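Taken in order, these protein sequences are the chains called A and B.
Position one of the first sequence corresponds to residue 0 (numbering that gives the first Met the number 0), numbered consecutively onward.
Position one of the second sequence corresponds to residue 0 (numbering that gives the first Met the number 0), numbered consecutively onward.
In case anyone wonders, no lab produced these hints; they're calculated from the structure.
Do not take every clue at face value.
Cβ pair distances, simulated, as ranges [to be verified]: (1) A:Pro40 / B:Leu39: 50 to 56 angstroms; (2) B:Glu167 / A:Pro40: 47 to 53 angstroms; (3) B:Glu167 / A:Val49: 43 to 49 angstroms; (4) A:Val182 / B:Glu167: 19 to 25 angstroms; (5) A:Tyr216 / B:His177: 25 to 31 angstroms; (6) B:Glu155 / A:Lys151: 20 to 26 angstroms.
Quick caveat, the model's predicted, so the values are computed rather than measured.
Where a beta carbon is used, it is the ideal one built from N, C-alpha and C, also for glycine.
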Amino acid sequence: MKWKAPSRALPAAILVVSLVITPLLYAQQPDATLTGTVTSPSGGRIANSVVSVKNLNTGAASTTQTDSDGRFVVPNLASGDYEVSASTDGLNAVSRVTLAAHATQTVNLTLTTQSQPQTPAGNLPNAPSSSKTEPSLSDLGFTPEQTQANVKEQALLDKRTRMLKIHQKLGLITAAPLIATIVTSLGAGGKHTSNTDRTVHMVLGAVSSDLYFTSAYFAIRAPSIKGTSTRGPIRVHKALAWIHGPGMILTPILGALAYQQKNNGEKVHGIAAAHGPVAIVTAGAFGAALLSVSLKF
Amino acid sequence: MNKPKLIALLPFVLCTLALAADTQWVLQQCTLTYHVSHPLHQTDGISHAARGKGICHAGQCDFLIAVPVKSFDSGDSNRDLHMVQVTRGAEFPMVTVRTRLLESAGNDASIQADLEIQFAGQTAHYQHVPFQLTKQGADVRLSGTIPATLTDFKIEPPTLLTLPVKNEIPVRIEMTWHPTQ
Numbered sequence: 000m001k002w003k004a005p006s007r008a009l010p011a012a013i014l015v016v017s018l019v020i021t022p023l024l025y026a027q028q029p030d031a032t033l034t035g036t037v038t039s040p041s042g043g044r045i046a047n048s049v050v051s052v053k054n055l056n057t058g059a060a061s062t063t064q065t066d067s068d069g070r071f072v073v074p075n076l077a078s079g080d081y082e083v084s085a086s087t088d089g090l091n092a093v094s095r096v097t098l099a100a101h102a103t104q105t106v107n108l109t110l111t112t113q114s115q116p117q118t119p120a121g122n123l124p125n126a127p128s129s130s131k132t133e134p135s136l137s138d139l140g141f142t143p144e145q146t147q148a149n150v151k152e153q154a155l156l157d158k159r160t161r162m163l164k165i166h167q168k169l170g171l172i173t174a175a176p177l178i179a180t181i182v183t184s185l186g187a188g189g190k191h192t193s194n195t196d197r198t199v200h201m202v203l204g205a206v207s208s209d210l211y212f213t214s215a216y217f218a219i220r221a222p223s224i225k226g227t228s229t230r231g232p233i234r235v236h237k238a239l240a241w242i243h244g245p246g247m248i249l250t251p252i253l254g255a256l257a258y259q260q261k262n263n264g265e266k267v268h269g270i271a272a273a274h275g276p277v278a279i280v281t282a283g284a285f286g287a288a289l290l291s292v293s294l295k296f
Numbered sequence: 000m001n002k003p004k005l006i007a008l009l010p011f012v013l014c015t016l017a018l019a020a021d022t023q024w025v026l027q028q029c030t031l032t033y034h035v036s037h038p039l040h041q042t043d044g045i046s047h048a049a050r051g052k053g054i055c056h057a058g059q060c061d062f063l064i065a066v067p068v069k070s071f072d073s074g075d076s077n078r079d080l081h082m083v084q085v086t087r088g089a090e091f092p093m094v095t096v097r098t099r100l101l102e103s104a105g106n107d108a109s110i111q112a113d114l115e116i117q118f119a120g121q122t123a124h125y126q127h128v129p130f131q132l133t134k135q136g137a138d139v140r141l142s143g144t145i146p147a148t149l150t151d152f153k154i155e156p157p158t159l160l161t162l163p164v165k166n167e168i169p170v171r172i173e174m175t176w177h178p179t180q
């Protein structure tokens, strides 16, 4: 049995598709950067100061800490108006900046004892009356954990959502070449198929696989939130990954074996004969995973 | 002042003292339900974790109801986490509702309340929100719907399969208040 290498166009096609798709996936990612320093009232640089950056247009916020030299960098920001604040040991600083797309803006914060803009947890809403007898949030018996802002957790949630949005978009995009792969399989596996039919099928399969694993990466790497148990349809979505995940690994391997056998003029045999059934189960599980989070049941 | 005159004045004195005293109300039971519409989904998120207090003074009552954002359960943990994220629920963990009513409103079958709601770091005001009142012994049961929208709180509409949810997120409130004084 001799391995016949696919035409030179095949690797080139995969490379071109990857090169085209990758920039498109990141084209919409925010790319402005905010840098600066945090200094004490006496002018000394403050290390490990928490710096919060809030987009005043969207409300999106992120946090970071200054390094040992009192510097901070917040990359991947969308253009817009921002409120930048820093705090350490009861000292605060707040500044507003406008970020342009692709720009790097510097803002230097000097900490003072002035009070920081308060969050609702510390600053109750404007009272509808001036009565001194009105109830306050502290009267209601909530624990500090329930009422205090957790900026770090918000940043983690923001990161999680960003990654899962990419996962979702890539998952949807993956469906297109996956369907095309299934359609072209009809012409790739028969007795009278051409090398071109098989190559087209393989290229589409490779693109699907590439997109699938990129999508899976964003789901797997999305941070989990402490104290959250998985409930509802998302459990089905996650469980189905145990079917289409291994299937997406196995299908191309079996496909390569089948491709080799067909190119040698042989009938697809042995373990390679499982390529079709494995692919169908994999595609079915993938489709069910999409539906599990799309339709209510 | 002789004894008969003092006895005659006693009811008036008692009534005056009673009116001057503050009456307090405690939220005994509360169910808050937000409704989100999406072309593929209709979702309700429910919380029973609200707490509230009302203080009446000089014929007027100030009420405060607060509920943790994280306490809403839509039946899907992924959706709930996403809800907390888009509403900035870790940064602004409480939803607070304030209103001022006339003390006599407790005797009506329905009221229209002006609400001040703080949520997701924003404050929104809703005028003349209708509530139905039912007396259950000393307790008062109120139910109504706040016509909230995402734009009221500058919340970016969450998307599913790239389709955004509707801007309207009506919040149904059912609560029972119990007088404590």
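Status of each hint after checking the structure:
In this structure, proline 40 (chain A) and leucine 39 (chain B) meet the distance hint of 50 to 56 angstroms, their C-beta atoms being roughly 55 angstroms apart. With their beta carbons about 48 angstroms apart, glutamate 167 (chain B) and proline 40 (chain A) fall inside the hinted range of 47 to 53 angstroms. Between glutamate 167 (chain B) and valine 49 (chain A), the C-beta spacing of about 37 angstroms breaks the proposed range 43 to 49 angstroms. The supplied range of 19 to 25 angstroms is broken by valine 182 (chain A) and glutamate 167 (chain B), whose beta-carbon atoms lie about 41 angstroms from each other.
Checking the proposed 25 to 31 angstroms range against tyrosine 216 (chain A) and histidine 177 (chain B) shows it is violated: the Cβ atoms sit about 53 angstroms from each other. Hint check: glutamate 155 (chain B) to lysine 151 (chain A), Cβ distance near 21 angstroms, so the stated range 20 to 26 angstroms holds.
Checked against the numbered hints above, the structure breaks hints 3, 4, 5 and satisfies the rest.
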